[in-house]
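Letter by letter, the chains look like this.
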Amino acid sequence: MIKKRIKKKWMKYLFVLPALIWFFVFCYLPMGGILIAFKDFSIADGIFGSEWSDPLFKNFTMFLDNPNLFPMVRNTITVSLLKLLTGFPAPIIFAIILNECVYKRFVGVAQIISYLPFLVSWVVVLAILNSLLTPTGQGGPLYSLICWITGNENVTYYLLQENWFLPLVIFTNIWKGVGWSSIIYLASMKTINPELYEAASIDGANRFQRIANITLPGILPTVCMLFIMNLGSLASAGYEQIYLLQSPNNLELSNVLDVFIITSGLENGNYEIATVAGLFQSVFALILVVTGNTIIKKVSENSLW
Amino acid sequence: MKKGVKKMRKRRMWKCLVMMLSCVALALSLGGCNFFEEEVSEETVHISVMWDGLAYLDAEDQENNAVGNKIREEIGVDVEVTFINGSEAENLTRTFAAGENFPDVIMCPYWGGSDASSAAIREAAKAGYLLDLDALIEEYDCENLETAFEQGVSSDFVEYELGAEEFGGKHYILPMHTPYSMEEAKNFGYTVYCRKDILEDLGVEPESITSSQDVYELAKKIDAGNYKDINGNKIITASTWGNGWSYECYLNSFKKRGFTNLVKENDTYIWNAMSENLDAEVAFMNEFVNSGLFDISAFSQNSTQALQKHIVGGVGLTAATYEHIYESLAGNLYKTNPEMRYVPLGPILDANGNAAMPDTIQDDGRYGFAVLIITNECKNPQAVMKYLDYINSEEGKRLVYLGIEGEDWDFVENEEGEQVPQMTEQYFAETEKNYDYKYTRGINSIYTLGVSRVHWNELSYAMNEGGEDIYYTQVKEMYPVQSYTGTRANNFDDDYPEIDTLRNRLAALDYSTIVTQMYTAADTASALEKLEQYREKLNKENVLSDYLTWISKTIQEQEDSGRQILY
Chain A
1 MIKKRIKKKW MKYLFVLPAL IWFFVFCYLP MGGILIAFKD FSIADGIFGS EWSDPLFKNF
61 TMFLDNPNLF PMVRNTITVS LLKLLTGFPA PIIFAIILNE CVYKRFVGVA QIISYLPFLV
121 SWVVVLAILN SLLTPTGQGG PLYSLICWIT GNENVTYYLL QENWFLPLVI FTNIWKGVGW
181 SSIIYLASMK TINPELYEAA SIDGANRFQR IANITLPGIL PTVCMLFIMN LGSLASAGYE
241 QIYLLQSPNN LELSNVLDVF IITSGLENGN YEIATVAGLF QSVFALILVV TGNTIIKKVS
301 ENSLW
Chain B
1 MKKGVKKMRK RRMWKCLVMM LSCVALALSL GGCNFFEEEV SEETVHISVM WDGLAYLDAE
61 DQENNAVGNK IREEIGVDVE VTFINGSEAE NLTRTFAAGE NFPDVIMCPY WGGSDASSAA
121 IREAAKAGYL LDLDALIEEY DCENLETAFE QGVSSDFVEY ELGAEEFGGK HYILPMHTPY
181 SMEEAKNFGY TVYCRKDILE DLGVEPESIT SSQDVYELAK KIDAGNYKDI NGNKIITAST
241 WGNGWSYECY LNSFKKRGFT NLVKENDTYI WNAMSENLDA EVAFMNEFVN SGLFDISAFS
301 QNSTQALQKH IVGGVGLTAA TYEHIYESLA GNLYKTNPEM RYVPLGPILD ANGNAAMPDT
361 IQDDGRYGFA VLIITNECKN PQAVMKYLDY INSEEGKRLV YLGIEGEDWD FVENEEGEQV
421 PQMTEQYFAE TEKNYDYKYT RGINSIYTLG VSRVHWNELS YAMNEGGEDI YYTQVKEMYP
481 VQSYTGTRAN NFDDDYPEID TLRNRLAALD YSTIVTQMYT AADTASALEK LEQYREKLNK
541 ENVLSDYLTW ISKTIQEQED SGRQILY
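Residue numbers (the numbering used here), protein chains in the order written: chain A, 1 to 305; chain B, 1 to 567.
Note that these hints are calculated values from the structure, not bench results.
Cβ atoms here follow ideal geometry from the backbone N, Cα and C, with glycine treated the same way.
Take these hints with a grain of salt, some might be off.
[Said to hold, decoys possible] With a straight-line Cα cutoff of 25 Å, these simulated PhoX-like cross-link-like pairs (lysine-lysine) come out:
{"no.": "1", "chain 1": "B", "residue 1": "K196", "chain 2": "B", "residue 2": "K228"}
{"no.": "2", "chain 1": "B", "residue 1": "K537", "chain 2": "A", "residue 2": "K58"}
{"no.": "3", "chain 1": "A", "residue 1": "K190", "chain 2": "A", "residue 2": "K12"}
{"no.": "4", "chain 1": "B", "residue 1": "K540", "chain 2": "A", "residue 2": "K58"}
{"no.": "5", "chain 1": "A", "residue 1": "K58", "chain 2": "B", "residue 2": "K126"}
{"no.": "6", "chain 1": "B", "residue 1": "K476", "chain 2": "B", "residue 2": "K335"}
{"no.": "7", "chain 1": "B", "residue 1": "K335", "chain 2": "B", "residue 2": "K228"}
{"no.": "8", "chain 1": "B", "residue 1": "K540", "chain 2": "B", "residue 2": "K530"}
{"no.": "9", "chain 1": "B", "residue 1": "K170", "chain 2": "B", "residue 2": "K379"}
[Unchecked claim] Reference listing, derived: stretches of chain B covered by chain A, where coverage requires no fewer than 3 residues with Cβ under 8 Å from a Cβ of chain A:
{"no.": "10", "region": "86–95"}
{"no.": "11", "region": "119–128"}
{"no.": "12", "region": "296–303"}
{"no.": "13", "region": "502–510"}
Construct the complete structure from the given sequences, taking the supplied hints into account.
This is the structure in structure tokens:
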């Protein structure tokens with residue numbers, strides 16, 4: 001049966017093949033590295049040649065012994081939750097606005113402008129933000145504007161302030177991702193039968209009623225699917241953005257697991273602890289996705305599996 | 001019909017364009033996969049520099065410069081240097097973790113102990129990724145390198161690091177830039193520096209600043225003076241260079257300068273973070289930052305951002321080494337606004353009442369330094385050894401540090417009637433026109449990488465018109481190098497049974513990051529609260545106390561056996 005199907009639709013399967021190879025090479029093969037969490041890893045002996053830890057869970061004990069573990073987990077969840085709560089609905093709202101806009105040229109320009117930040121790296125995005133908010137010299141334009149609005153006359157490094165950290169994380173996250181993420185919702189909206197809108201208009205539904213009763217239910221399966229997939233990211237606050245926004249002043253909020261993994265693994269060569277932290281994050285993400293999928297399956301009929 | 005032809009042409013054009021782009025992409029990909037290996041001369045020495053921020057050492061044209069040409073003429077060897085930016089530990093760890101495709105020769109730091117760069121090098125040696133230098137020296141008869149592993153190196157570093165058990169009696173690390181003797185030990189000239197015109201305007205004598213509190217009072221006066229940079233903007237009162245380097249000079253009055261993290265208080269060894277001095281230091285710095293006098297962004301700025309602040313004379317007080325400040329500003333600010341030169345303040349005494357700054361308290365040689373290692377994938381070890389032997393000869397050293405005799409330097413008679421090298425008038429005239437002239441000649445540039453022992457005093461005299469720069473002499477006199485003989489207490493750490501737990505705890509609670517958090521806390525009370533929290537976390541389950549008990553006992557035993565212990 002399966003053989004027949006493959007034979008019949010071999011071209012479609014061929015299209016899927018590169019993606020499968022990619023997943024195998026970059027996502028499944030590296031999983032062998034999890035062994036490092038149970039070993040006294042030495043670069044001389046490699047992953048398989050290194051001695052097993054004695055006791056086996058020594059690296060887990062060391063990871064749990066970290067006095068900063070609780071604040072790190074708390075910060076990771078706080079940052080990722082805020083990013084999910086703001087960054088997830090933003091592209092849906094943006095896509096709806098674009099979908100409702102009648103000036104197609106404006107829509108095209110707005111789309112290009114909104115996609116651009118996604119195409120540049122976090123380093124560039126935050127360098128731009130730094131220039132906008134710098135108090136040195138004549139002061140960046142955004143800095144001058146904030147000072148003018150708040151009447152602040154003191155030299156203030158907003159990028160270094162603890163209470164500005166989370167708003168800046170949210171703002172830059174939305175700014176960078178809103179345009180790109182809206183593509184999938186716009187595509188989903190295009191699949192809605194236009195006759196539904198026409199019928200609703202004839203029945204006297206206004207714009208908001210059409211959005212609430214046609215557009216949103218129309219894209220709901222896509223929203224649910226992406227929401228479940230995004231739930232996994234709750235275990236990760238993102239490395240680049242947080243690392244680049246991190247400063248001693250905001251460390252109480254910016255000390256997250258993602259940065260810890262990079263610094264302890266790559267900067268300090270402590271691969272075992274970094275692997276344990278990574279494993280901890282992955283298991284947590286898996287639990288979140290499975291739980292999220294089960295709940296959503298129960299309350300709606302949309303789910304990943 | 002015409003429309004159809006046009007359409008076909010257009011389609012062909014697009015096809016051609018797509019084909020061309022595909023070919024370019026394919027060629028680039030293959031290039032990236034090393035399918036087209038660059039052809040290089042067999043007598044080329046490739047050095048990868050894994051030391052962040054050293055790229056300024058690059059010769060303007062690596063293939064064609066006076067020093068490089070002379071080396072080629074003398075020994076027939078070319079030198080190619082690649083600078084790899086970013087964390088040294090990260091680059092070294094990643095390089096050796098890959099298990100292959102190593103650079104021929106690597107220049108990097110080796111500080112010893114549990115430092116991550118040093119650990120990566122030890123692992124690489126253990127894995128057989130590095131070549132045994134003793135064997136190479138013997139095979140290629142490199143007599144100029146024979147004493148490189150002891151001369152100018154601290155005796156306990158020789159015993160515990162260069163001669164570490166893991167190395168099995170072999171030498172894998174070539175120490176660089178060590179002195180011939182402690183009399184010639186390099187003084188880095190760390191202290192707080194102030195813009196000369198501001199000091200003169202305020203009528204403050206540099207030697208009147210003898211404590212951190214004096215620096216603070218001076219900062220208040222500078223702030224009140226409303227001084228400007230060369231663009232007319234108000235200056236930052238006090239700052240540092242990249243990543244807060246070296247803010248600790250401002251805090252000298254609270255530091256007990258020594259060799260390890262241990263301090264002795266009331267005849268008991270305690271961890272420096274537990275010292276009462278740290279409470280005072282945190283309170284002082286927190287006030288300094290919160291008063292707006294100390295630049296809060298200094299702790300997180302990179303070296304480029306720091307340079308931008310200094311290059312326009314935008315900082316009143318700064319702290320770093322003499323050489324770093326001079327090299328960064330001599331070609332720009334000092335040229336356009338010589339009145340804005342930074343002059344050293346002090347001596348600012350440390351908490352022991354000693355005129356000591358970072359790196360002035362030394363053993364009987366250098367402990368931790370830049371090193372050169374040769375990997376087992378080195379394509380031509382013979383060329384590398386020939387080159388290293390040559391640049392370590394007296395003739396070679398003068399060539400790489402001073403240039404060509406007769407053109408760049410000549411022997412002159414100094415005040416003591418000795419014949420010493422001095423750069424020529426032409427060299428100084430050219431340097432006046434273009435401060436980077438030395439890099440166009442290849443002088444004091446990439447070719448110094450691999451020189452093991454250096455006559456620092458001779459160089460300092462030769463490179464400055466009319467002898468050594470007055471401010472460098474001043475700072476050296478303020479904080480002379482103090483040499484002690486003995487064994488550092490932390491050399492015994494590996495014998496402590498719970499050392500992994502302690503090191504894990506110290507790594508998890510990165511002191512340098514946490515202490516800057518305290519400095520930048522909203523107020524002194526919360527800064528001190530953070531300090532207490534840090535201490536509690538550090539000593540959770542008596543991890544630190546147990547170590548201190550053990551190390552105190554070990555020190556006592558060692559001293560009883562007649563050994564001098566440094567802490």
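Verification of the supplied hints:
no.	hint	verdict
1	B:K196 - B:K228	holds (13 Å)
2	B:K537 - A:K58	holds (20 Å)
3	A:K190 - A:K12	holds (24 Å)
4	B:K540 - A:K58	holds (18 Å)
5	A:K58 - B:K126	holds (23 Å)
6	B:K476 - B:K335	holds (24 Å)
7	B:K335 - B:K228	holds (18 Å)
8	B:K540 - B:K530	holds (15 Å)
9	B:K170 - B:K379	holds (21 Å)
10	86–95	holds (count 5)
11	119–128	holds (count 7)
12	296–303	holds (count 4)
13	502–510	holds (count 5)
Taken one by one, the earlier hints all hold for this structure without exception.
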